[in-house]
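Participant: Chains as they are written, first to last, in our numbering: chain A, 306 to 809; chain B, 178 to 295; chain C, 15 to 513.
Hints listed in this document are in silico derivations from the structure and should not be mistaken for laboratory results. Since the structure is predicted, the reported quantities are computational estimates derived from the model, not experimental observations. A hint or two may mislead.
[Said to hold, decoys possible] With the C-beta cut set under 7 Å, the calculated list includes, among others, these residues of chain A facing chain C: (1) 613; (2) 722; (3) 726; (4) 795.
[Said to hold, decoys possible] A short, non-exhaustive set of chain A residues, derived as facing chain C with CB atoms under 7 Å: (5) 315; (6) 318; (7) 449; (8) 708; (9) 710; (10) 728; (11) 735; (12) 737; (13) 742; (14) 791; (15) 792; (16) 794; (17) 798.
[To be verified] List of simulated lysine-lysine pairs, BS3-like, C-alpha gap at most 25 Å: (18) C:124 x C:34; (19) C:124 x A:478; (20) C:34 x C:365; (21) A:752 x C:365.
Every residue, glycine too, gets a C-beta built ideally from N, C-alpha and C.
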Amino acid sequence: MNPQSLLPSVPEFLAILPEISLVILIVAVLAYDRILKPAERRRVGLLAAWGSIVILLITVGLWVLFREPEPNRSLVESLMWGGMIRNDLITLIFRVMFLVAVAIVSLISLDVPALQRGEYFALLLSATIGFSLMAAGSDMIMLFLAIETASISLYILTGFLTDDRRSTEAGIKYFVYGAFASAIMLYGLSLVYGITAQTNIYVIASLVAQSGAIPPEINGLFLLATVMIVAGFGFKISAVPFHFWTPDAYEGAPAPVTAFVSTASKAAGFAVTIRVFAAGALGAPNFDSEWWAMLVAITIVTMTLGNILAIFQSNIKRMLAYSSIAQAGYTLIGLVALTPDGSGAAMFYLLMYVFTNVAAFGVVVLVSRETGSDDMQDFYGLSRRAPYLALAMLFALLSLGGIPPTAGFIGKFFIFKAAVDAGLWWLALIGVLNAFIGLYYYLSVVKYMYLYRSDDEEERIPVSRAASVALALSVLGIIYLGIAAGPAFEWTRQAGAAFFPFSG
Amino acid sequence: MLADWQFIGIFLALSPIFPAAPVIANWLLGPRKPNPLKQQTYECGVETVGDTWIQFKVQYYIYALVFVVFDVEAVFLFPIAAAYDQLGLFAAFEVVVFVLILAVGLGYAWSRGALEWT
Amino acid sequence: MLTFMTFFPLIGVALILLLKPFNRESDELIKRIATGTSIVTFILSLVVLGMYNRADPGLQLVGRAVWIDVLNIQYYMAVDGLSILMVLLTTLISMLATAGSWTGIEHQVKQYFVFMLLLEAGMLGVFLAQDLFLFYIFWEFTLVPMYFLIGIWGGARRVYASIKFFLYTMAGSLLMLLAILYMGLSNDTFAVPELVAGRSAFAAAQNWLFLGFAIAFAIKVPLFPFHSWLPDAHTEAPTAGSIILAGVLLKMGTYGFMRFNLPLFPEASVTFAPTIAVLAIIGIIYGAIVSFAQTDVKRLVAYSSVSHLGFVMLGIFSLNNLGLQGAILQGVNHGLSTGALFYLVGVIYEKRHTREMSDFGGIWRAMPIFSALTLIITLSSMGLPGLNGFVGEFTILMGSMGSEALGPYPWIYTAFATSGVILAAIYLLWMFQRVFMGPLDNPENQALRDVNWGQLAIILSFLVFIVWIGIAPSGYFALMDETVAALVRSIGSAVVAMP
């Protein structure tokens, strides 16, 4: 063995610089937590938030200043660390999403007393590492390890409030479902390995593309593996019928964690899903493959069921949970269009969804801390109790509902456009009808906030500076992406092309 | 094709015999002379007092978790130590980083009082 | 210029929001800023009128920039004969409505005027946008302020009415969005003139696309049977909300038909013309008959809108010069007359807090000036010659009479539509009689004071235009002549080329 080969090249080092920085940040957060006096606990959160903003700047700075990851690299060049990860635009954009999410979530958790602990922020960051590697991973082993890194952190975070029965229950439930889904997915991955004797998804994809690589008699086995992998991925993105954990976990988890799970974790799930399927690791990405039909069915059911169930919720977190299921459905439309544009649109949608949902949950955090529950009734007359909170929530809801001039509208527009472009106008039609159902329940929260009155209107809701900065950032993101979507979409579209290394 | 699988079939058929054989042999060969002393939970040792379903002190679990730090350390250090000559300086540096990370974990647990037994 | 005018109300919004940091916030000041802003916007629109060249049928004062270049989405604003009157109507009505809410709004004054100004900007954008994507954004954007105007400051059933308004409109516009997507993709542009030129790319699907647009606009107009949101929204909205709703928002629907449906899908327009004309006539007669049954004055005016908008739709789908010109002018007329009627209802509601006809009677004796003005406006609404309503309705009826698009016997449509005029005369006069005539026997009504100077000024502003259009409509027709003629020619040539 040549010792020189162990030395990483500069691009290889830069490819995992964000993860390295995150590890350092975790160590710093834990150490800082031990130094601080109990009265100064919120500074841990500040460190985590600022640290992740710095890492975000490093990541974006690498791109702006050095064009790293270089978009014109060939597939082989972009595969790094022995093919474990692929450093491309996709990775970059998803990293930006995760870092934005973790920064804003840290800011909104700062002033929640029960969460002012080093472990909490360390776990948020370690989950971020997991997400980041999920987005980058191009090898089944890497993917599985990344998914587990992220998931285990999230299980603990979900059950973080050990004194709260609902939080504990949510944590256990999430853990049990999650472990089950992971096991099934792992079985699927191992079957694929058994069939192809490869772990790198791009190698597998090029194998599968050769005719006769998979003997017809084990086609069924390959399909079984696909189904199992879909189940695992579907769990991460909470697609129907793998969504059962979602409402319970979202409801029980501390609200900032829910914000994190519903945005970053979902985005990471999509990163993996789109990467694996678009690469063609489980069969060529075209409308004839079996998994395509399966995903389309999942897409339709996910949108529809999520939306319909959301209508009946009286708990704001549960409502947002079902809404996030529905939103996953819209995002899937981008994937099943099977075009670079579609995947790019899905990425744009996730990007805007990070800002939107974090804003929505940020408001929920602040309101429920004051009222002590997550009931919709807490939102009655919110526009009078806390006009700026209500305004932030309004923007988030309009964006979720897809009303211009918010980012949500542009996101849906791109998604539906990609679908129509791919000839799936009927899927776009279903999406549009669903968007209409969705409007109804988003609008009813607006109704509660602005049109209803409550008895507590005199009680102001205190908003700390950190939280207002966080909300302001996310609302600015919503508006910016809504009005000047061009550059961001151009960016995600370029990245979308990287999902399909073998076509064209 | 089927021939490839016959080993597995044989393995499946034979594998239950191994755990079952000692139990059966014991049952066949062992002398049976029961007396009250033998019926006790512990043939030697102290009679249990009260309910046996008691909670363990939570420190046991924390000890177990902290042990994992050393466990993982050992598992990874052995192969690196064995191949040290071929790996060079960079690998040594990586190992230091690895050990440092584990050390931070241990230090954190220590400072949180995980190693105190009270 | 157009951009500056469209976004000028936002400057007012910014000013209002900046008051608080400078500790100068007071309801009085907010009202002044809002009214001032809308007056300046109106003046700006007059400047636009001055710059407008009536001899040019095409788009003028173009402001154009690439917005999202990946999809070739442009920021594209321009004005032509179809929209110039709508722009003027918007700024005028917004100005009067803002000024008219000076007294009626008691709580959350800041939010109210912010929403009014946002709404004005949105409406101007709708009439000026020449890129479908931009148009859609403005179109949707108008919903939000209106939703709040109805929902927060509306009547007893405001929550129900506002949600119904929002969901109805949204249902239509989402289908429109799909149609927009389809067309945008087929030509790789969303700019309307380019789409009209590249029509052949989506001509095969044009019946479906036509319907996608038509349903969105028909809900907005509202065309029978999509009208059921309208009485609720109109009745529950605050006075200024009703004025804007009737005056401008409904015109967005009719404008949409003229701007998009006719030039983009001429063959489909001809195909669907008889159907829509029949629906329009059902609307005319249905609206009139239901108006009879109303006991609430505001609801009566609301249903009369259904009837009046039926005329506008009939005019549009006569697909000839007279019909289209009449439709545009009648749109303006309806905005003025019905807007004024809603304002009058609002004035009296502020004094008496009821709108039931049975609570009134003999108001003339208590408020002679108010009643006289109401009479003129009522007469204009029912189409008395010499006032604006007559000009519009007469032109439309002439247009439908000579329409080739409506089949071999277009006079049948005309005949039924004419009956709507008669019915309008009956229910409006009946309303007038019950409210203003008769003995003044209710003691509460005896205490009524006549209008003050501010209210008088607003009513007179409406009246100036009502009479002006009635006596000298030619100046107004001249503004749109060329564009409408060009539009009719293009439809004609497309239909002739139809296989």
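Participant: Run every hint past the structure and note whether it holds.
Facilitator: Hint check results:
Interface restraint check for residue 613 of chain A: the shortest CB-CB distance to chain C comes to about 15 Å, outside 7 Å, so the restraint is violated. With its C-beta approaching chain C no nearer than about 5 Å, residue 722 of chain A sits inside the 7 Å limit, and its interface hint holds. The beta carbon of residue 726 of chain A comes within 5 Å of a beta carbon in chain C, closer than 7 Å, and the hint placing it at the interface holds. Because the beta carbon of residue 795 of chain A sits about 5 Å from the nearest beta carbon in chain C, less than 7 Å, this interface hint is met.
The interface hint given for residue 315 of chain A is broken, as the beta carbon of that residue sits about 32 Å from the closest beta carbon of chain C, more than 7 Å. Interface hint status for residue 318 of chain A: violated, as the beta-carbon distance to the closest one in chain C is roughly 33 Å, over 7 Å. For residue 449 of chain A, the interface hint is violated, since its Cβ never comes within 7 Å of a Cβ in chain C; the closest pair sits about 35 Å apart. The beta carbon of residue 708 of chain A is positioned within 7 Å of a beta carbon in chain C (closest approach about 5 Å), and the interface hint is therefore held.
The closest approach between the C-beta of residue 710 of chain A and any C-beta of chain C is roughly 6 Å, which is under the 7 Å cut-off, so the hint is satisfied. Of the supplied interface hints, the one on residue 728 of chain A is violated, with its beta-carbon coming no nearer than about 10 Å to a beta-carbon of chain C, more than 7 Å. A cut of 7 Å between beta carbons decides the hint on residue 735 of chain A: the least distance to chain C is about 11 Å, and the hint is violated. Among the interface hints, the one on residue 737 of chain A holds; its C-beta lies about 5 Å from the nearest C-beta in chain C, closer than the 7 Å criterion.
Because the beta carbon of residue 742 of chain A sits about 10 Å from the nearest beta carbon in chain C, more than 7 Å, this interface hint is broken. With its C-beta approaching chain C no nearer than about 4 Å, residue 791 of chain A sits inside the 7 Å limit, and its interface hint holds. Because the closest C-beta pair between residue 792 of chain A and chain C is about 9 Å apart, greater than 7 Å, the hint is violated. For the restraint placing residue 794 of chain A at the interface with chain C, the shortest Cβ-Cβ distance is roughly 6 Å, inside the 7 Å limit, so the hint holds.
Given the 7 Å rule on beta carbons, the hint for residue 798 of chain A holds: about 6 Å separates it from the nearest Cβ of chain C. Between residue 124 of chain C and residue 34 of chain C the alpha-carbon distance is near 10 Å, which keeps this suggested pair within the 25 Å criterion. For the hint pairing residue 124 of chain C with residue 478 of chain A, the CA-to-CA distance comes to about 47 Å; that exceeds 25 Å, so the pair is violated. A distance of roughly 32 Å separates the Cα atoms of residue 34 of chain C and residue 365 of chain C; the hinted pair therefore is violated under the 25 Å criterion.
At roughly 29 Å between alpha-carbon atoms, residue 752 of chain A and residue 365 of chain C are farther apart than 25 Å, so this suggested pair is violated.
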